[in-house]
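Kindly produce the complete structure, drawing on both the sequences and the hints.
Chains as they are written, first to last, in the numbering used here: chain A, 13 to 349; chain B, 13 to 246; chain C, 323 to 754.
FYI, nobody ran anything at the bench for these hints, they're computed from the structure. Values in this document were obtained by computation on a predicted structure and should not be read as measured data. The C-beta atom is built at its ideal place from N, Cα and C for all residues, glycine as well. Don't take each hint at face value.
[What the hints assert, rightly or not] One side of the interface only, derived from the structure: several residues of chain A facing chain B at Cβ under 10 Å:
id, residue
1, Ser-121
2, Ala-212
3, Cys-221
4, Glu-226
5, Val-229
6, Ala-230
7, Lys-251
8, Lys-254
9, Thr-257
10, Gln-260
[To be verified] Calculated lysine-lysine pairs in the DSS-like style (CA-CA distance at most 25 Å, straight line):
id, chain 1, residue 1, chain 2, residue 2
11, A, Lys-254, A, Lys-324
12, A, Lys-251, C, Lys-502
13, B, Lys-182, B, Lys-137
14, A, Lys-254, C, Lys-528
Listed below are the residues making up each chain.
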Amino acid sequence: MEDLLNAVIVLCNFVMIPAIAYGSQLALGALGVTLVYGVLRFSNFAHGDTMAFGTMITILVTRWLQSVGLTLGSLPTALIGLPIGIAATAVLLLGTDRVVYRFYRLRKSDPIIFTISSVGVMFVLNGLVRLVIGPEHQRFSDGARFVIRAREFKEITGFSEGFSINVPQSITVILTLIAVASLFWFMKQTRTGKSMRALADNEDLATLCGINAERVVAITWIIAAALTTTAGVLYGLDKGFKPFTYFQLLLPIFAAAIVGGLGNPLGAIAGGFIISFSEISITYAFKKFLGYVLPQSLQPEHLVQLLSTDYKLAVSFAILVLVLLFKPTGIFRGRAP
Amino acid sequence: MSLLIGENMTGGYEGVDILHQCTVRAEEGEISVIVGPNGAGKSTAMKAIFGMVGLHSGTVWINGEDITRLSPQDRVSRGMAFVPQTNNVFTSMTVEENLEMGAFLRRDRIPETLDQVYQLFPALKDKRRQPAGELSGGQRQQVAIGRGLMTLPKVLMLDEPTAGVSPIVKDELMYRITEVVRTGVSILMVEQNARQALSIADTGYVLVQGKNHYTGAGPSLLQDPDVRRSFLGG
Amino acid sequence: MNPKNLALFAVVFAMLVLVGLLQSWTVALTILNLCLISAIMSLGVNVQWGYAGLFNFGAMGFVALGGVAAVIVSMPPVGEAWAAGGVRVTAALLVGAGTIVGSIYTWKSLQPGRKRWMILIGMAGTGFFLFRFLFDPAVAAIENVNPAATGYLGGLGLPILLAWPVGGLLAAGAAWVVGKTALGLRSDYLAIATFGISEIIIVVIKNEDWLTRGVKNVIGLPRPVAYEVDLQKTDAFLTWAPRLGMDPVELSSIFVKLSYAILFTLVLVVIVWLSQKALASPWGRMMRAIRDNETAAGAMGKNVTARHLQVFILGSAICGVAGAMLTTLDGQLTPGSYQPLRFTFLIWVMVIVGGSGNNWGSILGGFVIWFLWVEVEPVGRWLMDTVTADLPEGSALRLHLVNAAAHMRLVVMGVILLLVLRFFPRGLIPGK
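See below:
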């Protein structure tokens with residue numbers, strides 16, 4: 013019995029908790045992609061770099077706050093910087109919309125043109141972030157590191173396996189819950205939120221109802237800024253910030269949004285967790301876990317790992333490609349490709 | 013003075029004129045119907061009145077105000093509502109949300125209007141929490157008409173409301189439309205099914221190749237031997 | 323070609339000459355060589371996008387496969403590694419391929435239902451574990467053979483020039499698989515799928531050390547042209563250098579780079595000639611008809627899917643050839659250097675700036691954009707130096723700005739793409 017509990021602890025510690033945190037971060041990112049796709053009807057390749065931009069601003073504000081001695085005690089200072097990061101990103105996204113996308117929107121250009129211009133925006137942001145903060149990996153998380161420490165857990169419970177939850181992981185889950193709940197409340201309950209869904213659903217009819225498309229587009233960008241920056245800051249608190257990593261996050265985020273069905277917010281959240289759980293469980297070595305579960309005679313000698321951890325990113329791409337091939341509208345129905 | 017007048021309208025799409033000196037009116041509290049053969053410009057005439065088709069001559073009036081240059085949205089605020097023939101509901105939104113979107117521009121309280129719409133279309137009340145995309149064709153049309161009514165329009169413009177629904181549903185829809193008129197809303201509609209439409213019409217406009225061919229009270233047009241011969245198949 | 327286009331090309335060459343005069347001829351030739359390779363890559367993407375409207379964001383993967391071909395063709399085989407696990411790894415790969423083909427066949431031949439799923443999962447699972455059983459020890463054995471120097475199977479020891487067509491074939495093979503599966507998708511979805519697939523290819527190359535040494539890199543690939551040190555030993559060279567007023571070292575480097583430039587130009591000419599022929603042929607007309615109106619072309623009985631597959635394979639093969647050429651020029655395979663910004667999106671900038679649908683446009687785009695990509699950095703550094711001249715020596719801001727100049731080129735590329743898209747959406751040399 014104790015073996016079984018130890019096995020469960022191992023699984024929670026190394027698969028469940030990290031996957032929930034990473035999945036939440038992906039879900040927030042994918043929500044941004046899916047909202048922009050729903051309302052503006054294109055895949056925004058600049059999304060990863062937008063995330064890097066928002067995180068960068070938050071880091072800069074955090075550094076400044078730390079330098080004047082303003083911190084949040086055991087919580088990371090970046091939480092104070094986050095709203096400023098969001099505001100700056102919102103200004104950036106509204107700015108790019110004004111100088112880049114609006115022109116094509118008014119001319120009703122092909123979505124492909126939007127996607128190609130988002131590549132242009134991606135280049136600019138990518139360069140800008142490296143110009144300002146540099147391409148190196150950096151950490152900006154301060155305050156306490158753990159909510160539950162592995163050693164303390166062992167001492168208190170007497171289990172041989174440790175169990176830990178760190179502060180960024182718990183903040184991630186709490187903030188994601190708040191963000192998702194308020195997003196859904198906004199979309200379902202408010203006039204503006206409903207008009208956003210109406211525009212995403214049927215543009216012509218929405219115009220007939222007197223819904224101002226430009227206003228809805230602006231609100232969409234602002235919400236995308238909030239979600240994206242939050243996702244980026246949470247990921248950075250958890251694993252550190254590096255511009256190239258953020259650019260690469262584009263793929264698991266796209267994967268999450270598509271797996272859930274592009275344009276479908278509920279799907280984006282589900283997609284985020286599907287991707288994170290697959291990435292982590294397919295590349296996790298189950299040796300220790302099986303060691304507790306199986307009888308002595310069947311103990312595995314190998315790591316019992318389906319794929320090496322280097323293939324973590326490849327897992328999300330593979331799921332993405334499989335979903336695109338077999339069910340392109342995603343698990344929750346999104347817009348047909 | 014008629015409530016809504018599209019007078020001597022000439023225009024069309026991308027330089028090709030479809031309407032030629034075409035005149036259509038909607039009278040206070042009446043049903044006006046535009047009928048005619050395929051390609052006669054029926055829908056174009058209606059869209060021109062709503063500002064979705066460019067006119068290079070002619071005038072559109074509502075309540076004596078010249079609205080020829082106004083955008084469709086501005087015409088909504090002047091008391092016009094337009095229900096397109098297809099894609100006329102938000103499929104992913106519930107019936108009630110569809111209706112609320114109809115009232116998007118209104119700043120006053122809307123529950124009374126919602127109740128009125130549910131009284132006109134009782135079937136919708138039962139399904140008000142269902143996504144409109146899951147409804148049958150006839151019910152979708154009811155949602156679409158209901159959405160139009162939510163703006164509290166003076167005149168409701170329907171583009172072929174009975175296209176693609178079964179005959180029984182057609183009858184029911186026609187009946188509902190006459191009920192709508194009883195609440196004081198004028199109706200201007202385009203119909204493929206001329207016989208049925210003219211039978212409930214106070215005024216009928218028969219268009220041929222973008223021109224007015226016959227105009228008159230609906231039932232009298234139905235009796236007219238010329239109209240019968242040329243459009244109603246004898 | 324009309325005078326305007328000729329003038330555009332003349333400007334690019336004048337810029338290269340200017341670099342030769344102001345910086346050095348070695349730099350100018352280095353840029354030229356990569357311009358030529360870039361032009362080929364951009365032709366490859368243009369064949370897909372400009373001819374057929376296929377939105378492929380996976381050029382990087384095919385370029386990298388070309389690089390792998392260079393290693394497999396030219397490096398000497400590592401006998402010890404083959405002895406250690408060659409047979410077993412081959413068997414593993416055959417089992418892997420067999421499992422995939424078998425699964426697809428079973429899936430297609432069985433009736434839908436739970437039974438089909440059970441059989442499929444059973445088959446794929448068994449295949450996977452058998453594959454891992456054969457594969458893992460073989461890989462470990464191979465990678466254990468002198469890991470610092472080899473640790474991989476090596477290649478075939480053939481002349482590296484052979485790798486160029488082989489790189490094309492390898493890329494074409496991969497493109498067949500990718501195209502078969504992903505071409506049913508349209509626009510954005512195809513772009514994301516190919517983007518994902520290209521990343522998978524890179525991850526595999528980075529991690530399958532037994533094949534490519536992964537991030538340990540394969541260095542010292544044989545060359546198709548002379549080595550500088552050998553040239554410097556020849557008498558002719560030592561007599562010519564002073565006459566040209568050059569240092570023998572410099573001259574030898576120029577000679578080597580020129581030899582590459584000639585080879586690359588030859589390949590470019592052949593590919594352009596073939597592309598122009600193809601574009602003017604009935605096949606090319608049909609491609610354009612399909613691009614302009616897929617539904618109508620399909621209704622007229624054209625097999626749209628088959629044509630798309632053809633053009634996807636062709637374009638990818640061209641990228642593969644260019645990838646093999648690039649690795650040959652570098653003399654090494656460094657999987658870590660394959661980044662989508664550089665090998666997928668930059669190529670797209672070339673195609674869009676040059677003018678999609680036009681081969682000459684793509685070549686011009688390749689030249690212009692590569693030139694800027696390289697030269698923005700020194701110009702940016704100079705700019706930063708000038709701007710920060712008043713700041714004290716060693717000031718943190720100054721240091722930061724000067725160091726950051728390298729990232730300017732990303733910004734510049736983005737701005738160029740956006741400006742061209744907005745103000746010259748048909749590019750420098752518009753297609754028909």
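Structure-based check of all given hints:
Hint status for Ser-121(A): violated, given a least beta-carbon distance of 18 Å to chain B, over 10 Å. With 10 Å as the threshold, the beta carbon of Ala-212(A) comes within range of chain B, its nearest partner Cβ sitting at about 8 Å, so the hint holds. Interface restraint check: Cys-221(A) against chain B, minimum CB-CB distance 5 Å, threshold 10 Å, status holds. Interface restraint check: Glu-226(A) against chain B, minimum CB-CB distance 12 Å, threshold 10 Å, status violated.
Because the beta carbon of Val-229(A) sits about 16 Å from the nearest beta carbon in chain B, more than 10 Å, this interface hint is broken. A distance limit of 10 Å between C-beta atoms decides the matter here; for Ala-230(A) the minimum to chain B is near 17 Å, and the interface restraint is violated. The beta carbon of Lys-251(A) is not positioned within 10 Å of any beta carbon in chain B (closest approach about 36 Å), and the interface hint is therefore violated. Hint on Lys-254(A) is violated. Least Cβ distance to chain B is approximately 38 Å, over the 10 Å limit.
Because the closest C-beta pair between Thr-257(A) and chain B is about 35 Å apart, greater than 10 Å, the hint is violated. For Gln-260(A), the interface hint is violated, since its Cβ never comes within 10 Å of a Cβ in chain B; the closest pair sits about 32 Å apart. Our distance criterion of 25 Å between C-alpha atoms is met by Lys-254(A) and Lys-324(A), whose separation comes to about 17 Å. With a C-alpha separation of about 38 Å, the suggested pairing of Lys-251(A) with Lys-502(C) is violated against the 25 Å cut-off.
About 20 Å separates the Cα atoms of Lys-182(B) and Lys-137(B), which keeps this hinted pair within 25 Å; it holds. Taking the CA atoms of Lys-254(A) and Lys-528(C), the gap is near 20 Å; set against the 25 Å cutoff, the hint holds.
Violated hints, listed in ascending order, are 1, 4, 5, 6, 7, 8, 9, 10 and 12; each of the other numbered hints is respected by the structure.
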